[in-house]
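Given chain A, work out where chain B should sit, using these hints.
Each chain, written out:
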Amino acid sequence: MRRVGFLVWKELLELKADPRLAAIVIVAPLIQLFMLGYAATTDIRDVPVVIADADRSSTSRELIARFEASPSFSVVAVVSGSNDADPFLERGTAWMALSIPYGFGAGVHDRRPQTLQIVADGSDANSATVSLGYAGNLITVYGAEKSAALRSAPALRGGIEPRVRVWFNPRLESRDFMIPGVVALLLLVVTTNLSSMGIVREKELGTLEQLNVTPLRRWELIVGKLLPYALVGMLDVFLVIAVALLWFQIPLRGSLWLLLALTGVYLLSTLGLGLFVSTISSTQQQAMMTTMFFFLTPMIYLSGFIFPIENMPAVIQPLTYLIPLRYFLVIVRSIFLKGVGLETLWPQALALAGWGVAILGLAIARSTKRTA
Amino acid sequence: MRKALAVARKELRQIVRDRRTLMTLLFVPAFFLLLYGYALNFDIRHVRLGVDDQDRTAESRSVISAFVNSGYFDLAAIVDDASTQALMNRNEVGAVVVIPRGLGRALLTGAATPVQVLINGDNANTATTVMGYALTILQSESAKYQEGAGAGGRPPLLTVEPRVWYNPQLRSTLFLVPGLIAYIAMITAVVSTALSVAREKERGTMEQVRMAPLDAASFVVGKSIPYFIISLISALGIIIVAMALFELPMRGSWSALLLALSLFLAGALGLGLLISSISESQQVAFQLALLASFLPTLMLSGFIFPIASMPAALRAVTYAVPARYFLIALRGIVLKGAGLQTFWVELAALAVYAALMLGLASIRLRRQWQ
Chain A
1 MRRVGFLVWK ELLELKADPR LAAIVIVAPL IQLFMLGYAA TTDIRDVPVV IADADRSSTS
61 RELIARFEAS PSFSVVAVVS GSNDADPFLE RGTAWMALSI PYGFGAGVHD RRPQTLQIVA
121 DGSDANSATV SLGYAGNLIT VYGAEKSAAL RSAPALRGGI EPRVRVWFNP RLESRDFMIP
181 GVVALLLLVV TTNLSSMGIV REKELGTLEQ LNVTPLRRWE LIVGKLLPYA LVGMLDVFLV
241 IAVALLWFQI PLRGSLWLLL ALTGVYLLST LGLGLFVSTI SSTQQQAMMT TMFFFLTPMI
301 YLSGFIFPIE NMPAVIQPLT YLIPLRYFLV IVRSIFLKGV GLETLWPQAL ALAGWGVAIL
361 GLAIARSTKR TA
Chain B
1 MRKALAVARK ELRQIVRDRR TLMTLLFVPA FFLLLYGYAL NFDIRHVRLG VDDQDRTAES
61 RSVISAFVNS GYFDLAAIVD DASTQALMNR NEVGAVVVIP RGLGRALLTG AATPVQVLIN
121 GDNANTATTV MGYALTILQS ESAKYQEGAG AGGRPPLLTV EPRVWYNPQL RSTLFLVPGL
181 IAYIAMITAV VSTALSVARE KERGTMEQVR MAPLDAASFV VGKSIPYFII SLISALGIII
241 VAMALFELPM RGSWSALLLA LSLFLAGALG LGLLISSISE SQQVAFQLAL LASFLPTLML
301 SGFIFPIASM PAALRAVTYA VPARYFLIAL RGIVLKGAGL QTFWVELAAL AVYAALMLGL
361 ASIRLRRQWQ
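Read top to bottom, the protein sequences are chains A and B.
Quick note, the first sequence lines up with residues 1 to 372 if you use our numbering.
Quick note, the second sequence lines up with residues 1 to 370 if you use our numbering.
Hint data in this document are derived by calculation from the structure and do not stem from the laboratory.
Misleading hints may appear alongside valid ones.
Calculated cross-link-like contacts (lysine to aspartate or glutamate; reagent style DMTMM-like; alpha-carbon spacing at most 25 Å) [said to hold, decoys possible]:
(1) B:Lys201 <-> A:Glu202
(2) A:Lys10 <-> B:Glu11
(3) A:Lys203 <-> B:Asp215
(4) A:Lys10 <-> B:Glu200
(5) A:Lys203 <-> B:Glu200
(6) B:Lys144 <-> A:Glu145
(7) B:Lys3 <-> B:Asp215
Predicted model, so just to flag it, every value in this text is computed and none were measured.
Same shape as in the complex, but just chain A (with noise of 0.2 Å):
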């Protein structure tokens, strides 16, 4: 055990000889923080669009007041003809081009049914589906008051009244499900780039030599790494789990405890992958390029931190079973938004744990000191 303390002070030394390093497994998940929560939305909202106004009517200037008013909206351009409305939609400066037909405001009057025309780009389709559902809303609303102001309605009787509750997040903000997200993917990066760089930099130094003849244990070797990191991972969790909390307000209904110290286990996921890769690369080069094909971005890709795993295809599913973080980010949702405890995430926790273990026991039997 003296052993490993040695090595862990010997590790410290160096993070502390490197200052840039130190600044930067603190500071930089701190503006990431910053920065990713307030990007991370998938709200949509300032939709740009762009109006072809042919009617010039005191109605169509209404509809438009009510697209500039709207805060899914903001109107880039109002425009003579649908002609002029293209360039905006091909330069990417307008999503939208609305088209008010001549003869519109009059049409109204008279209570003759219109028709306006939108076009969306639909090279981003999800950012068009969304905001041709919210201009539909609009108009369909707008024509429904206009209707009722024109001439009274009968209104309807009878029928099915759908009451919608939305549970653990009843005002939809993305913000709150993706920010416990951002806190687990930080925390991957900075600790998975700490330990893969731990051994292969020995390596490529040649002072793995000197501690191969030093009579340190090959498991002690591994823990004396990992320690030095771990602390500096558990002081970048409570960093950022503060911000989350006193920045961004997240609401945590569950257990702060059970939260931090399921962390733990993560880190022992992340640390563990982060060695393992270590000791398989022979230069750093190699684990920098294994850490980000192979392991980061599958992470990000398929782990449900952004795309739901519900929505892949049935042969892809099975592989996100694999991904230590898709285990993780069930459990920091879930303690955030739905409070629950252990009695519903052991499975997760269980998976967790189980996987840094494995990922740890390869790592120390793959750390052969002498092929090394």
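Using the frame of chain A, we list chain B on its own:
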């Protein structure tokens, strides 16, 4: 230039020796596109539905089958008050329909009757869509029983005729694939250069380079040439896979695409070299590369999260992310068939970025050598 080529030759020899790195850089990107292009989409189907039918009449069954037949919902569980909470907590159901006792009779007598829909809101984006599906289904089901609606009713005063350009079926793959191309090209380029200078520093071989009759600019250019070729090959590989397998159209010109791609890659390589020149160790370089290229390209480029929805301060930050310009140009060339005259601003921005990064890297190195 001769000096730069000599550096390029030396670097190329070193790359070829590390077979694993070379193969990864060349072939993994195309494989990635294959995997993620297939795996990822925003289309929400097969929402797991829990049903609590307290009525058990023909009318209540008709409501349930309307949900199941819509194609959006799969009947996953018959629930009651007690089990709903647990199923929602474990995410085993995404939505629950609660039909109160007396629905059938009330509908036939023309009284308004509530039907409750509970939606699992932990993913706000999915929940919004699911809510839209549920409301549409209930409204059309409701119309069957309502007086004054349906075929005999008046048409609404205003209707919308939506048309979608460039991607009429609104396939999310066509939107995601260009983003993936930018992401993969960026990390390939940065991964390959971010460590190159820091490695020479760490191993002490930088001293030898410094002693050689070589100026910083030709060193930087020489370092980037081989990686430029490798990244260009792998980026073209991705684009070909996208066109062959994901029906990514090519409505614009190849020369415009090559120009945009080259400028983007030059900027990315420049960023990698700049990171490498300011880092004393490879570990610092790796961390900086992650923070400066990987996360911004993913989150701040408009790839997944729309830039228009971000707060103004953050929107200003996105102007410093080269992938932002590249994505606008790429989507424009490939999906919209727009020419260079439409995108010269973006291309100019990419060129300025590349010049700035390569220039800063040279200046930084020259200062270190003195």
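- Query: Which of the listed hints are not met by the structure?
  - Reply: Going through the list in order, the structure violates hints 2, 3 and respects the others.
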